[in-house]
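Line by line, the protein sequences give chains A and B.
Counting with our numbering, you get residues 1 to 342 for the letters of the first sequence.
Counting with our numbering, you get residues 1001 to 1342 for the letters of the second sequence.
To be clear, the hints were calculated from the coordinates, so they are not data collected in a lab.
A few of these clues could be false.
Stated by the list, open to error - Some chain A residues flagged as far from chain B (calculated, every beta-carbon gap over 12 Å):
no., residue
1, Ala-80
2, Pro-143
3, Ser-198
4, Glu-206
5, Asp-220
6, Arg-255
7, Gly-263
8, Ile-286
9, His-289
10, Ala-325
11, Pro-330
12, Pro-339
Claimed, not checked - Which residues of chain B face chain A? A partial, calculated answer using Cβ under 8 Å:
no., residue
13, Glu-1232
14, Tyr-1235
15, Tyr-1302
Claimed, not checked - Stretch by stretch, here's where chain B covers chain A in the computed footprint (C-beta under 8 Å, at least three residues):
no., region
16, 161-168
17, 225-239
18, 276-285
19, 315-322
All C-beta atoms, glycine included, are put in the ideal place defined by N, C-alpha and C.
There are 2 protein chains.
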Amino acid sequence: MKSEGGTHRAVTMRDVAQAAGVSVSTVSHVVNDTGARIGAEARERVRRAIEDLGYRPNAMAKNLVKGGSRFVGLVADAIASTPFAGQIIHGAQDEAWQHGYVLLVANTEGNEAAEASAISMMLEHKVRGVLYSTWYHRAVDLPAGLTEADTVLVNCFSADGSTPAVVPDERSGGREAARLLLEQGHRRIAFLNTRTPSPARDGRLEGYREALGAAGLPFDLDLVADVRPDQEGGYAAVDKVLAMRATGVFCHNDRVAMGLYDGLREHGLRVPDDLSVVGFDNQEVIAAHLRPTLSTVALPHYELGRRGVRVLLGLEAPEGAAPLAVNCPPVPRSSITRPSES
Amino acid sequence: MKSEGGTHRAVTMRDVAQAAGVSVSTVSHVVNDTGARIGAEARERVRRAIEDLGYRPNAMAKNLVKGGSRFVGLVADAIASTPFAGQIIHGAQDEAWQHGYVLLVANTEGNEAAEASAISMMLEHKVRGVLYSTWYHRAVDLPAGLTEADTVLVNCFSADGSTPAVVPDERSGGREAARLLLEQGHRRIAFLNTRTPSPARDGRLEGYREALGAAGLPFDLDLVADVRPDQEGGYAAVDKVLAMRATGVFCHNDRVAMGLYDGLREHGLRVPDDLSVVGFDNQEVIAAHLRPTLSTVALPHYELGRRGVRVLLGLEAPEGAAPLAVNCPPVPRSSITRPSES
């Protein structure tokens, strides 16, 4: 659905894609001459659509000549309540500045009215495009206003794949988490996953399975439990984990690991001697300061922001309709040891 | 010290203040007609300086008529590493939007080159003024570029009081923390303060003393210890705290309290039954999810950002050269109980 555009409505990459019958990333490849292999016919359709619609990929150049400004907008939904949005901003700003763009940041704290004003403010300032970001990885419906601007989704994606997106590679992250334990010789590895349906839940579980498979271990549903994804969920799962007789536990996030630590302590058990633990997120204030410090896998928020700007500026492009998936690197600390022989 | 201004250098409120021999906040009161009591003579000196220097408090109005934009800049030093900067941004944005201004946010992560580019970018965009903020409360030297723009310091202040500033009222916060314990009948209250010299260290100690005094209790230096202001510091202080035979402990921040919880647990002791604990900061991911949840005092970052914009726009002004001090409200949770009779 398009919103009603007035006479000032700029033609976007999405319009070109629709007219040419190709994906937005194909248009981006053609416009920015990335060297990606695009069939001659599709390339020609894109060129014709650009001409027909009067799309100007370098519209801001006019403004520049007049001494105007070059903006990239960033809409974030939880600057005040998580450290994650800040890392997306940091990465986006570094990359935007490097290319002479100023980042216009708007925080919505999930409020739709704030979001709508933020987007119209950005359109009024003739942004080169907008990064629309969420603090946790999920599917989103694109706000109506954003159909009028080139948009890249950051840490989120549209269900129909119609908008370029940059997301964490949850599956690779799940693999890395399991590998941290496998490498130390663990063979019976529990997974405290979140009970909230989400790409993180599915992807991390898939990665965990893959890593077990690659190590020649069977996938055992009895070793997987779904918990509330916070400290309370980890604390409440202690008895369940102990009953699994695992030597290592992969927790859906660092907060679950923090709660699990507390519960284990109350049972007189020690991390890692009695149980090795791996988290996810690398939320510094927790992971780097638990006792012992928590081995975990980092969510690449800085990199998501940076790559989002690169996609927006046409410096790189997702392949086809799938989001660009950014690796989640392992962060080993002190919560894993070799399992005792028993 | 003034930076060398070119022909484009705008006259600032600071220039007017200097020429008139009054404080910046006096100029702000006169310019914005706040109704504050300013002597007729000072008022006249300000008016004359405004005329002599050609100061235009409503310079942006010109831009507005031309359809240009109205910006307020916000420089933050740690968006990516703490949740605090995000709360300042949130408050500043809400207030700026309410008055038709767009917030231009720049993150420096403490990097001087990034700070200098951020400030010149803001000046190029003819910001109405700049909020210069730090993630922890401290004295700062104003960056050279900011002498060219109206500036309000947020969560920081200039040692000479020459720039309007909005800071947390650490003393009232210290009082509130001690009161949370006093109200439950505690009489022997330890204070694990930070060993880092800072306004937070001095102010919270003063507040703690005042609250004890108001309750008719003597100040006892043996009940105060300086620790590293994080989990490690709190954990390492357990023996010291137990030796103090206090029934309640006020921790410099929530992170210290989190470490103390761990240490107490390893001694087989329980919060709050064996020891009541109060934190400071209200860092949600910790305070709201420790076991038991942590009673604490909130740092008012949202309010600091909001009031910073209000001061910048002349909607309120600090009295004299002292920073505007914003209250730190208590946040009672479950880590305090009445001391057992013994």
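Verification of the hints:
no., hint, result
1, Ala-80, "violated (4 Å)"
2, Pro-143, "holds (17 Å)"
3, Ser-198, "holds (19 Å)"
4, Glu-206, "holds (27 Å)"
5, Asp-220, "holds (30 Å)"
6, Arg-255, "violated (7 Å)"
7, Gly-263, "violated (9 Å)"
8, Ile-286, "violated (7 Å)"
9, His-289, "violated (4 Å)"
10, Ala-325, "holds (22 Å)"
11, Pro-330, "holds (20 Å)"
12, Pro-339, "holds (23 Å)"
13, Glu-1232, "holds (7 Å)"
14, Tyr-1235, "holds (6 Å)"
15, Tyr-1302, "holds (7 Å)"
16, 161-168, "violated (count 0)"
17, 225-239, "holds (count 4)"
18, 276-285, "holds (count 3)"
19, 315-322, "violated (count 0)"
Hints 1, 6, 7, 8, 9, 16 and 19 from the earlier list are contradicted by this structure; the remaining hints agree with it.
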